[in-house]
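Full structure from sequences and hints, please.
Line by line, the protein sequences are chains A and B. Quick note on numbering: UniProt numbering labels position 143 of the first sequence as 143, and the sequence is numbered without any gaps. Quick note on numbering: UniProt numbering labels position 390 of the second sequence as 390, and the sequence is numbered without any gaps.
No wet-lab data here; the hints were simulated from the structure. Glycine residues also receive a C-beta, built at the ideal position from the N, C-alpha and C atoms. Honestly, I wouldn't trust all of these hints.
[What the hints assert, rightly or not] FRET-style restraints, in silico, Cβ to Cβ: (1) A:A80 - B:A81: 46 to 52 Å; (2) A:D4 - B:G451: 51 to 57 Å; (3) A:A13 - B:L425: 45 to 51 Å; (4) B:A81 - A:R181: 28 to 34 Å; (5) A:S29 - B:R433: 56 to 62 Å; (6) B:A283 - A:R97: 24 to 30 Å; (7) A:G40 - B:R8: 49 to 55 Å.
[Unchecked claim] With the Cβ distance kept under 7 Å, some of the chain A side facing chain B (calculated, not the full set): (8) I63; (9) T68; (10) V79; (11) A183; (12) L186.
[As the list claims (entries may be wrong)] According to the in silico footprint, chain B covers these stretches of chain A (three or more CB under 8 Å from chain B): (13) 35-47; (14) 95-109.
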Amino acid sequence: MTPDTESMRARAAILARLRAAPPVAAPASPDVAAGLAADGAGSGDAAVADFAACARGWRAEVIETTPTRWPAVLRDLAVARGLRSVLAGRDTELAARLPEALGARLRWYDEPLAAFKPRLFDAIDAGITTVRGGVVETGSLVLWPDVREPRTLSLVPPLHIAVLCASTLHPTLYRMMVRERWADGLPTNALLVTGPSKTADIQRLLVYGAHGPKQLVIVLVRDDRDGTGVPA
Amino acid sequence: MSGDRQPRPQDFKVQSRAALADPALRASFRSAMDFLVDKRAAQFPDIGAYERLRSLGTRIREHALAKLPELLERLEQNLTALGVQVHWAETPSDANRIFLDIAARHGAQAMVKGKSMVSEEIELNREMAAHGIDCVETDMGEYILQLDGDRPSHIIMPAIHKTKADVSRIFAEKIPGSAHTEDVDELIAIGRRALRERFRDAPIGVTGANFLVAETGSLVLVENEGNGRLCTSVPEVHVAITGIEKVIERLEHLPPLYTLLTRSATGQAVTTYLNIVTGPRRAGEKDGPREVHLILLDNGRTQAWRDQRFRATLQCIRCGACMNHCPVYTRVGGLSYGTTYPGPIGAIVSPHLLGLDATRDLPTASSLCGACGEVCPVGIPIPELLMRLRGAARRRPAPERKPLRDEGAARSRAETLVWTAWALLYSRARLYRWFSWWATRLRRLTPAWQGGWTRGRVPLRPAPRSLRELLAQRRR
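What follows is the structure, given as structure tokens:
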């Protein structure tokens, strides 16, 4: 038998066994909102402070800045860390101001992974990405990699710099996925990222930088405040 | 217990005695389990909130299992529409054939694999190696074990029985050019470097899945290291394998299960990555696999499912809290069980996977203290299931039900005889009085050897007079 017919046979057998069992009335659909703890705030200074404290607890570095100053923050960061090559995606909300922030350090993620692999794995110091939103409860970032910002941009370089707008904070992951109606259409990859990669597989001793980024820097843009001249 | 001889569930008693006699192993399990127990407790400070969350998690899993056939078909439909190839496997060898077929079509000599218990269940590494394919474990703990030819002793912390000195020796022996060090940061850096090129070059990435979302056709992976993300992002082909029970109906059911899983497993409010994969690379995307496969494995799960008394077994989300809290597991360690899934959850899952003959001792490896059932984040009544399996191992299957595999395998004539005699005596008053009169008079004839009882205790001997006789005397 070919593998496909073999799989079809297994499928039929498994479903037949499941269908042969005496049917049981399905319990009512679970009420998720009622079972979860009451939400905290998803916006305002207190929420931002909570988010930052939580993210730092997971060993992320959080730098607060304004909608006008973030390129300068990025430049200072690149200089302080001695970054020689910083990778970013074109056509994002950040892209226009990245050349001014990074100058000759900036590399664009232009090629498909297969061609770009050798340089991505060996010659890139950091990847910069936008962030879809932040989760206050756990200090997490929500990333939706796409055509402009591939998955490996936030994964392979040893340093991940994430630019997060405070206006996109949500109290919990659940609130965020319900409000944004994720179930209606997910991207190929949706991620919740909390701190740099880590492991405790040797004698339970916590070590950062397992296989993903060794460090995570969150540039937290306070676009949620009045008087900055930028719409919230 | 590393290397040559693989532990077997049939040898549970021998293996657990050996483990009990190893003070270093016991100390490492004890301290690791205490650590995990404390970390979990710190995550659930409010018992009321915990109970609400847990009952939500329980309902979500019960609900999904009640609709299992329907949800599997919906999942398959949505995955197929996204371009994911869905395969079904009744047995481990079915699943391995599917892997081999995919590897052959791509001419693959190597695979990188994220942590997956189901891949251990089908012994994927060994099967691939037999066909010249190098399947590399990339979870740090699993990688260490693979280098050493050892197997996991805990489903969440697989290398918990290894010390940093062990790891240092293994790395120095097996990874060319690595310096001898016992610094854990350096050891992890060595592992990271060694595996990087494997990630870069492997044509196929293999993972398990913590959850499958029927309504969106998504595979969900929970991890800290980033190896799962690499396996699902870098290779051209991604193959996920998991049990048919992992499906949940809706995406919004994920957040409560995710938080129950991470808090119960390692006492973390959240892991570094929650990775939701929905279909292969789309037009214009620069990375991600061009081909995604999902293998749905039965391997005895339908047996647990079809019998309402055992269905709750499949609610499990593989957090490992039951083993962390089990006084037996803490003392005998994970390898003693000789099964892919050790501890209390292993004792209730393995009989469906391997049959009750090979696994007859596992459900007896419990004091029935109830800790496992109490900490289970999805409300599996583990102690009750253990009792039912003990019964099923020893009794003839009831004619009106489909029997479990090897049901009644542990039935012994002597035991049956003893229970029949007991039932006879205790249901007939005159016979009982006659028996107890003789038993008390002939008490000195009771044998000094009474099987397992006298191995650690003094022999049982009837009192000089029965309570009934004493009361009758007093009334006189």
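Hint-by-hint comparison with the structure:
no.	hint	result
1	A:A80 - B:A81: 46 to 52 Å	holds (48 Å)
2	A:D4 - B:G451: 51 to 57 Å	holds (55 Å)
3	A:A13 - B:L425: 45 to 51 Å	holds (48 Å)
4	B:A81 - A:R181: 28 to 34 Å	violated (19 Å)
5	A:S29 - B:R433: 56 to 62 Å	holds (59 Å)
6	B:A283 - A:R97: 24 to 30 Å	holds (29 Å)
7	A:G40 - B:R8: 49 to 55 Å	holds (51 Å)
8	I63	violated (20 Å)
9	T68	violated (31 Å)
10	V79	violated (26 Å)
11	A183	holds (4 Å)
12	L186	holds (4 Å)
13	35-47	holds (count 3)
14	95-109	violated (count 1)
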